[in-house]
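*Asks:* Residue strings, one per chain:
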Amino acid sequence: MRQVKKFKAGKYDIVVIGAGHAGSEAALAAARMGKKTLIMTMSLDSISMMPCNPNIGGTGKGHLVREIDALGGQMGLVIDKAMIQCRMLNTSKGPAVHSLRAQADKRKYHVNMKQEIENQNNLDLIQNEAVELEIEDGVIKGVLTKTGSYYETKAIIICTGTYLKGRIYIGKVNYEGGPGGLFPSNELSDSLRNLGVKLQRLKTGTPGRVHADSIDYSQMIIQEGDEEIVPFSFMTDSIDIDQKPCYLTYTNEITHKVIMDNLSLSPMYSGEMDGVGPRYCPSIEDKVNRFSDKPKHQIFVEPEGLDTKEMYIQGMSTTLPEEVQIKMYRSIKGMENCKIMRPAYAIEYDCIDPTQLKRSLEYKNIDNLFFAGQINGSSGYEEAAGQGIIAGINAVLKLEDKEPLILDRSEAYIGVLIDDLVTKGTQEPYRMMTSRAEYRLILRQDNADVRLTEKGYKVGLVKEERYKRYIEKKTKVDEEINRLQNTIITPKDETNEILESIGSVSLKTPTSIYDLLKRPEVKYDDIKPLDEERPEISELVKTQVEIEIKYEGYIKKQLKQIKQFKKMENKKLSKDIDYDSIEGLRLEARQKLSKLKPESISQASRISGVSPADVNVLLIYLEQQRRIKSKDEYKK
Amino acid sequence: MDTIAAISTAYGVSGIGIIRISGDEAVNIADKIFKSKQGKNLKELEERKLNYGWIINPSNKEKVDEVLTVYMNKPYTYTKEDVVEINCHGGIVPLRKILDIILEQDCRLAERGEFTKRAFLNGRLDLTQAESVMDIISSKTEKSMSLSMDQLQGRLSKQVNEIVDELMELKAHLEVNIDFPEYDEEELTKEKIKEKAFIMKENIEKLISSADTGKIFKEGINTLILGKPNVGKSSLMNFLLNENRSIVTEVPGTTRDTIEEFVNLAGVPLNIIDTAGIRYTDDIVEKIGVQKAIDKIDDSDLIIMIFDASKELEEDDEIILNNIENKKVIYLMNKTDLNTKIDLTNYKEIEKEVIKISLLKNEGLEEIETKVKEEFLAGNIDANNDLIVTNTRHKNLLKKANNSLKELLGSIEAGLTLECLEVDINDTIHYLGEITGSTVSESVIEKIFSNFCIGK
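As you go down the protein sequences, you meet chains V and U in turn. Positions in the first sequence are counted from 1; adding 60 to them yields my numbering. Positions in the second sequence are counted from 1; adding 75 to them yields my numbering.
Check the hints yourself; a few may be wrong.
Unchecked claim - Subject to a maximum C-alpha distance of 20 Å in a straight line, what follows is the list of computed SDA-like cross-link-like pairs (lysine to any residue):
1) K418/V with Q260/V
2) K583/V with K620/V
3) K153/V with K267/U
4) K354/V with S486/U
5) K281/U with K474/U
6) K153/V with K269/U
7) K657/V with V257/V
8) K626/V with I466/V
9) K617/V with D181/U
10) K533/V with K258/V
11) K258/V with V199/V
12) K356/V with Y258/U
13) K304/V with E257/U
14) K602/V with D585/V
15) K578/V with I487/U
16) K635/V with K616/V
17) K578/V with E257/U
18) K655/V with K533/V
19) K616/V with K269/U
20) K153/V with F255/U
21) K617/V with E482/U
22) K616/V with A489/U
23) K155/U with K635/V
24) K617/V with S486/U
Everything labelled a hint here was simulated from the structure, so no lab data went into it.
Assemble the whole structure, with the sequences as input and the hints as a guide.
*Replies:* And the structure:
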């Protein structure tokens, strides 16, 4: 069918298609775990590109970055080098929901990641477009590119983001295109469809970029970074940079009038676009239309980097025509004379129905074919990277015939993310939120290393240096907690004076510092005068000690719930079960279970349409099977 | 495995009833509520021997019932877990009282077939027996679905849902504050949560106490039989009970007090109250009975009004009719075996739907059953034991929800942060959701995005 002459260009263990945030993590993980890996991208200049917002982290997302880092991934290390401002969000709330967010220098981020990939052993980087996958007997054989080069490989990880059959919409104008002015990829989409992969169409969008010098910042509210920067990576000790500010301004009545007058020109409203957009990322016309009682909406103006004048206008994503965009943007305080450098656009793209994947991110019907990132219906750089590292690790483990690394919902946000996608599918680009996690008090950003470094070490992705660091920290935390439990304060006048000075109640009986710290108003630092033998400990250790003590009651509560959850998680369901033959299952449950083939009772219980009674039937069925098996073995 | 308990004997009028507790905590729980005749605790007594004593409510030290209790250590029990069986007096009142006390301990109500399920999972039953377990469990699906449908339209679900909605609003607001801190959505204050939690707690407590008086958690449909003296009220009751419980005589006014009985009429549980006939009377004793009958009207869910076909419509009939406006009423016309003198032309509606019966000749009585079914259950539903058990389950869940709200209020007092408070809110929603069978995860996210304007 193709006119181009095919030639053999190389042989790899693993080929990663796409070098965005998912692809980069997947390829680095695979290569670092010792597999001969190839990463392929349509443009070497767009490696780990950030085509939308110029930040990494935020609520839920910051947690993901920490988890990727704890597993031995790259994202945390790169943003630590490329950040130009950093804030810890939610500090007015408890530590479980503290979230790091950094403004990134987009170019620096890209360059840094590219260098990392270029310098990585076992990893080759090329610019080309994958057009066709070759499968033999249900197993991956190789991949063909647009120029005819053919790579033989044992496994493929597809991380193509929003490129597949991408279409850009700006008002009535629309054309084939990828994100950030790049080309789309059309043929790979067809190849997947021909292989029987079920695709769906989603949409997302990005606001315009405005020239920094055309903005009057004196009309806006300045937003500085934190005085002290907390790094993302557990391997970064400290970050010392001159931080760049962001700015806050608002829409107004005029903005809203321009929008309402031109609403019919938006392809979203006229029905020309049929992809489903994300609820958490509404266009400005959506906000104005749906929340018509709100007199103004926040607009954040954020720098895209140190050596660029482009400013990202968060809050002004739109599909209205460019002409209307100019009017809209110029109606905003401080932006009266603004010059738009890139207009806002919406992009519609093919992604797969993620319920076709196992929790290892391997495609259920083709061996050694993995998917990660926005192609799976997610949204966001961090969500992509989180899937990328898991797909990379599991591709390697699969080739080594080992059990996959599955993080469950009680272990990581990455686990929640993947479990949600493969169990429930998604109708819109899926964004991580802390509210999606059942065990939020356990899945904190401060303890991501405690939760995951051991696992990363076990699969061989975490190297000695990181592991040693983690063990040291863990030991220090344990020692300090132990010490605080055994340090008893007696109710003396001077003790009580100190306690009263920090707004706490005086002691009546001897109390351990540990118990004292359980009082919400008592901070570790405040009672230093009472704690004479206090050793020097790092901020990281201190934070964790304090959290473990203060949250103890709630942590115990959640741990109890997790114990129940794990019990069901450990009851595995084979993919060969014929659900039609199990009596007692309701029809809907039968259909859903046959389609999704859950890996455990726990996963089955999360499928919509599977009732608690169906779960009971499955439990009984499992026990029956176990008995039949043990009977057979007895006969032998 | 957590510890479970349930009434193990068939529900209805019987001499004794048995409550079974199974699980790690079974003996500990029984120990807390049982005292032997010699004043010993259960653990001090011999295993596998029946012990005579009392169930004592640990919260107020009141004697609840005289019982025989036995405990059996695992694994040689039905479930292969520690099991306690309490033999108490039959009838729903002592059984439910004791079960309620047990469920206040570290224990939950067993699901249908759960003892057998555990027996199987713990390796006690063989494969063929397991098939029947599957049947029980899968049949539960059908039954509980129609039951929950029925209750969904009920007052309880409506009230529970209102509380759940409030909690969901709170949760969505909390989540927005946590997940989108940079947006200028109003911060939910602890005072606000406290204020709302307090009202919700009061409402739940009202529901719990109403469960005790049986107003909302119907053990059966409160049914009142009304009619002038000697119209056949007690005969009807006796027919429904199939035995002579009330005294039936030819002398008007024999039934001086109200008598309550529980009957299962074609699968519909009725709590039938036989009353003294209503009429003008100077007899002091009977006067009290009449007033009681009128008082009962308000509390009843269904009224069966009997006319006497052999007599003309009298003032006594009209007094009743005046008192039962706005009530669900089934009209019967008894004594159709005698000459009909009654004339209902002034009551066109009643004339249309009145059921003609003869209690003496057993005529037209099936029609009563049909009518009761129609009135209360639009569908055909087998309520029997489940309705009671489900109600106990509901009450139990309401108590748990209430405890979570108490913990929430406690945590606010202790100065804990929002994401901790949210754990208690989640627990409350979870328990209430088990009553109405709704799940929350996706609907909260739906609420966040429909109520709040956030996003880039």
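*Asks:* Each of the hints needs a verdict: does it hold here or not?
*Replies:* Status of the hints after comparison with the structure:
1. K418/V with Q260/V: 18 Å, holds
2. K583/V with K620/V: Violated, at roughly 27 Å.
3. K153/V with K267/U: Holds, because 16 Å separates the two Cα atoms, which is no more than 20 Å.
4. K354/V with S486/U: 34 Å, violated
5. K281/U with K474/U: Holds: K281/U and K474/U sit about 11 Å apart, inside 20 Å.
6. K153/V with K269/U: 17 Å, holds
7. K657/V with V257/V: Roughly 16 Å between the alpha carbons, so the hint for K657/V and V257/V holds.
8. K626/V with I466/V: This hinted pair holds, its Cα atoms lying about 13 Å apart.
9. K617/V with D181/U: 15 Å, holds
10. K533/V with K258/V: With Cα atoms ~46 Å apart, K533/V and K258/V exceed 20 Å; violated.
11. K258/V with V199/V: Between K258/V and V199/V the Cα gap is close to 18 Å, so the pair holds against 20 Å.
12. K356/V with Y258/U: 12 Å, holds
13. K304/V with E257/U: Satisfied, since the Cα-Cα distance of roughly 18 Å is no more than 20 Å.
14. K602/V with D585/V: It holds: about 9 Å lies between the C-alpha atoms, which stays within 20 Å.
15. K578/V with I487/U: 14 Å, holds
16. K635/V with K616/V: 34 Å, violated
17. K578/V with E257/U: Roughly 29 Å between the alpha carbons, so the hint for K578/V and E257/U is violated.
18. K655/V with K533/V: 45 Å, violated
19. K616/V with K269/U: Violated, at about 24 Å.
20. K153/V with F255/U: 12 Å, holds
21. K617/V with E482/U: Roughly 12 Å between the alpha carbons, so the hint for K617/V and E482/U holds.
22. K616/V with A489/U: Roughly 17 Å between the alpha carbons, so the hint for K616/V and A489/U holds.
23. K155/U with K635/V: 31 Å, violated
24. K617/V with S486/U: 14 Å, holds
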